[in-house]
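Undergrad: Chain by chain, the residues:
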Amino acid sequence: MTAQELTPKEKQELQEPAKTRPGRYYVPDVDIYEDENTLWLWADMPGVSQEKVSIDLHDNILTLRGEVLLEDYKDLTPVYTEYNVGHYSRRFTLSEDIQIDPDRITARMSDGVLELQVPKVERAKPRRITVMS
Amino acid sequence: MAIVSLSGFDPFGGLLGLQDALDRLLQNPNLGINLGLSGASVFPALNFFIDEDGVVVRAEVPGIPADKINVSVEPRRLTISGESAPAQRDKGSYHRRERRFGQFSRSVQLPEELDAEKASAECKNGLLTVRIPKTPAAKPRKISVQRA
Numbered sequence: 016m017t018a019q020e021l022t023p024k025e026k027q028e029l030q031e032p033a034k035t036r037p038g039r040y041y042v043p044d045v046d047i048y049e050d051e052n053t054l055w056l057w058a059d060m061p062g063v064s065q066e067k068v069s070i071d072l073h074d075n076i077l078t079l080r081g082e083v084l085l086e087d088y089k090d091l092t093p094v095y096t097e098y099n100v101g102h103y104s105r106r107f108t109l110s111e112d113i114q115i116d117p118d119r120i121t122a123r124m125s126d127g128v129l130e131l132q133v134p135k136v137e138r139a140k141p142r143r144i145t146v147m148s
Numbered sequence: 258m259a260i261v262s263l264s265g266f267d268p269f270g271g272l273l274g275l276q277d278a279l280d281r282l283l284q285n286p287n288l289g290i291n292l293g294l295s296g297a298s299v300f301p302a303l304n305f306f307i308d309e310d311g312v313v314v315r316a317e318v319p320g321i322p323a324d325k326i327n328v329s330v331e332p333r334r335l336t337i338s339g340e341s342a343p344a345q346r347d348k349g350s351y352h353r354r355e356r357r358f359g360q361f362s363r364s365v366q367l368p369e370e371l372d373a374e375k376a377s378a379e380c381k382n383g384l385l386t387v388r389i390p391k392t393p394a395a396k397p398r399k400i401s402v403q404r405a
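Protein sequence lines, in the order shown, are assigned to chains A and B. Residues in the first sequence are numbered consecutively from 16, following the working numbering. Residues in the second sequence are numbered consecutively from 258, following the working numbering.
If we strip away everything but chain B, and leave its shape as in the complex, we get (with noise of 0.2 angstroms):
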């Protein structure tokens, strides 16, 4: 995976600097990983970010509740699916409809040096986070210097 480094972004510097980490990626996505499979065109829409243990992926879904998602890892494959419902209504009319619902399913490729086994999930306030953690062999390993 080619680690990308984001000189400028400070998470701590507020929704600003967020916004523009994202955006230099959106304009450049060819900075980042590689995603195979399925485009940017099937839905969830997915936001890759690493921090020390590994991958952590992003979705956005809101209105679908977190036993109505599927998240499946597999070596080199990270697979989302689901469906989302409208509440259930009658006797009365919409005045607007923008909101979607229906099934949907994901799959994109993964970094190699990633520990399928040890990948957990959470949805929290709609938004979907699955973190794969890196093989012990892929992590950085401090090494002592001794004196001579």
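Chain A with its partners taken away, still in its complex shape (with noise of 0.2 angstroms):
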């Protein structure tokens, strides 16, 4: 695994309609990861801070935001460019399977990368029943 040579891999642009204001916004690459207790999100938001997130969970509907600062480029001109910047969103339906706690969510940014921590209820999960004899 660390011997794994990292490429460049091309932005997404979010081709949803759903947009309030102009320009174009990209698709976060994300992890979703699922342990006993918590279903983990990971998405990568370079340039985003921790105060330019936000995060609405609606009928069952995740929605992840961030924008970038636009001040970063004040007094910048480009001269050669690799890829474009812009701001981050992304959606994700909850699977039904799965019980979660929505006031228990967490989140935090480092790095440029949110992570969501969200709590399975007790009742989603697994249960051990002994087959009594």
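No wet-lab data here; the hints were simulated from the structure. Note that beta-carbon positions come from the ideal geometry of N, C-alpha and C, so glycine has one too. Please note that a few of the clues may not be correct.
Claimed, not checked - Here are the simulated DSSO-like cross-link-like pairs (lysine-lysine), alpha carbons at most 30 angstroms apart as the crow flies: (1) Lys89/A / Lys399/B; (2) Lys348/B / Lys89/A; (3) Lys381/B / Lys24/A; (4) Lys399/B / Lys375/B; (5) Lys348/B / Lys135/A; (6) Lys325/B / Lys26/A; (7) Lys89/A / Lys396/B; (8) Lys381/B / Lys67/A; (9) Lys24/A / Lys325/B; (10) Lys381/B / Lys89/A.
As the list claims (entries may be wrong) - Incomplete in silico selection of chain B near chain A, CB under 8 angstroms: (11) Leu272; (12) Leu275; (13) Ala302; (14) Phe358.
Build the complex: two chains, separate frames, hints provided.
TA: Here's what the structure looks like:
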């Protein structure tokens, strides 16, 4: 794993028409991991600070948004470019099979990566039933 | 270095103005500077800007802490290298795996009139910024016009 070489990945533009502001949005790369108690989500949003992230859960639809800081580009004139810059947006429908506790979702940003911790509720956890003879 | 004037790029024009300015160069790579050494197929992707002090190089490196990134500036050459690793997890399974991890190293050629000694780098919100100022000799000098 460690010897693997990292290659650049072209940013994917968001195709959803639901935009309220001009400009292009990009789809952040996401990992989703589930263990016994928690659903974890990581989204790459380089250039987005903690204050500029919004997470919304409504009718089982989880919406992640992140805004890049345009101030970072103030007084800079581009002379050579390999990637474009834009805000991030992505939406997931949470599976009905997994009961989650929306009040206990926690989120943090570090180094441009959003980490969401979504705790599963008790009844969704696997239960071992002993078969009596 | 060919200094391209991008008339119409207004940093205060919001996201659209910035995206248009970047796009113009994405579509016309020959307008800008020649990077030499390694091409765009090597991580990280780079954007080059100029400001009044010199050259500003930007790269998106999400999830890589500053202490895992090495930046070295020699005369005429910039090298960015490092390694990223996923969070260690066990006893669970992935539903989706799109983020990539691994080692990287990229070297690019720099214009001549830059002062490697005075280069600086910072990493904020997964955005790496390397600033390399121009040598004093390369900076524009204001010459006062004397009344004859």
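Undergrad: Run every hint past the structure and note whether it holds.
TA: Hints, one by one, checked against the model:
no. : hint                : in the structure
1   : Lys89/A / Lys399/B  : holds (24 angstroms)
2   : Lys348/B / Lys89/A  : violated (46 angstroms)
3   : Lys381/B / Lys24/A  : holds (20 angstroms)
4   : Lys399/B / Lys375/B : holds (22 angstroms)
5   : Lys348/B / Lys135/A : holds (15 angstroms)
6   : Lys325/B / Lys26/A  : holds (23 angstroms)
7   : Lys89/A / Lys396/B  : holds (20 angstroms)
8   : Lys381/B / Lys67/A  : holds (14 angstroms)
9   : Lys24/A / Lys325/B  : holds (20 angstroms)
10  : Lys381/B / Lys89/A  : holds (16 angstroms)
11  : Leu272              : holds (3 angstroms)
12  : Leu275              : holds (5 angstroms)
13  : Ala302              : holds (4 angstroms)
14  : Phe358              : holds (7 angstroms)
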